[in-house]
Amino acid sequence: MPVNGVLDDRGAQVLRHVVEDYIETAEPVGSRTISKKMGQQLSPATIRNIMADLEEMGYLVQPHTSAGRVPTSSGFRYYVDYLLARRRLARPERDQLQRMAAGEAGSASADEVVRQFSRLLSSLSRQACVVVVSRLSSQPLRSLNLLRAGVDRILLVSVTQAGWVEHRLIEGERDLSADDLVKINAYLNELAAGLSLPQMRVKILQEMKKEKARYDRLMQRALLLGARALDEGSPAEVYVEGRANILDKPEFVEDVQKLKRILRAFEEKSIIVRLLDRALEEEAIQVSIGTENPVESLPDISVVASGYRLGEATMGSIGLIGPVRMDYSHVIPLVEYSARLLSSVFEHR
DNA sequence: GGTTCGGCCATGTAATCTTT
DNA sequence: AAAGATTACATGGCCGAACC
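2 is the number of the first residue of the first sequence in my numbering; add one for each residue after it.
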């Protein structure tokens, strides 16, 4: 058996069987099981030797002496990189996703679209599905609207061209009449045409200099308002569906501490964003296995995620979160396909 | 309720057999 | 003959049952 981390054919076959059996049963896998799976070509004792080598190379571990073996993160990594049979997505699943996409294509609200995707994906995969919509602010705007929302507060509603709606509340504005707001709206929308929020902010700051010279009180006011509203960057939206699927996983049910940490992470936007962050950068699907994922406190979960886009711009990422023991051959094509569909839904709005 | 015991399973290894 | 595979056996840890 070579020691540089590359496996010969037998080692690879054994590792593959161990990983697949473990994915199925969540139990440590013994040498006899593998021997049977391989049609008794090799005796359990021989398998044991091979498994001992695999353990030495860091692909397997033994929870305790005289237990079967469990794949490590790098064991899964090797499996995903070299041994995984790239399965095509099963017909019925593709149809289901496609039907849903077609149904949602006309939907008015973009976040309803991602929510539906998330729901379906979590039920097809039996994992928790997470969608992150980030960079809302990088999308070009369709419209901008200021509404009076109380004596001293104004609501800013912005709608992007893809159909995302965002609200912001501006406090402490009491002396603008409804009539003023209508004028300001018209003015800002004229400025906004086709720009994203940050671009618009820059534009507003430029305009402010000019307006100072012209001394138009209302326009000045409009710009100040716009600048205030756009001051802080927009936070990412996060949707989590299928949290309960985590409760079906024996490895988490047995360890309440792990379960708690994971469920808590689902409540924490920033953690989710961090988990799916890499998928935003890269075009290709990202698989983070166990300790590879960027959140150190969650070494027992894997993330399979892919970005989706609107034209050139990345809009967000969609991904599945589950135990390291995920059926990657199923989940990877699922996520890939969903991300592509999601992109095309937004493309055609 | 906590502890001990025996069955069970999987292991590692030495001795032995098979293949090349 | 050497390398590889198998057999046979002792060992270690888990788990449920019996016991205190």
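Don't read these hints as lab results, they were simulated from the structure. Note that beta-carbon positions come from the ideal geometry of N, C-alpha and C, so glycine has one too. Be aware that one or more of the hints could be misleading.
[Unchecked claim] With a cut-off of at most 25 Å between alpha-carbon atoms, the simulated PhoX-like pairs for lysine-lysine come out as follows:
hint	residue 1	residue 2
1	184	204
2	211	184
3	270	259
4	184	210
[What the hints assert, rightly or not] Label pairs and their calculated CB-CB ranges:
hint	residue 1	residue 2	range
5	175	258	47 to 57 Å
6	284	42	14 to 24 Å
7	104	168	21 to 31 Å
8	56	328	43 to 53 Å
9	195	341	39 to 49 Å
10	270	203	43 to 53 Å
11	168	204	45 to 55 Å
12	267	184	40 to 50 Å
13	47	248	16 to 26 Å
14	283	68	48 to 58 Å
15	149	283	37 to 47 Å
16	170	27	29 to 39 Å
Cross-check of the supplied hints:
| no. | hint | result |
| --- | --- | --- |
| 1 | 184 to 204 | holds, 18 Å |
| 2 | 211 to 184 | holds, 18 Å |
| 3 | 270 to 259 | holds, 18 Å |
| 4 | 184 to 210 | holds, 20 Å |
| 5 | 175 to 258: 47 to 57 Å | holds, 51 Å |
| 6 | 284 to 42: 14 to 24 Å | violated, 41 Å |
| 7 | 104 to 168: 21 to 31 Å | holds, 27 Å |
| 8 | 56 to 328: 43 to 53 Å | violated, 24 Å |
| 9 | 195 to 341: 39 to 49 Å | violated, 26 Å |
| 10 | 270 to 203: 43 to 53 Å | violated, 27 Å |
| 11 | 168 to 204: 45 to 55 Å | violated, 21 Å |
| 12 | 267 to 184: 40 to 50 Å | holds, 45 Å |
| 13 | 47 to 248: 16 to 26 Å | violated, 39 Å |
| 14 | 283 to 68: 48 to 58 Å | violated, 38 Å |
| 15 | 149 to 283: 37 to 47 Å | holds, 44 Å |
| 16 | 170 to 27: 29 to 39 Å | violated, 47 Å |
Going down the numbered hints, you'll see the structure goes against 6, 8, 9, 10, 11, 13, 14 and 16, while the others check out.
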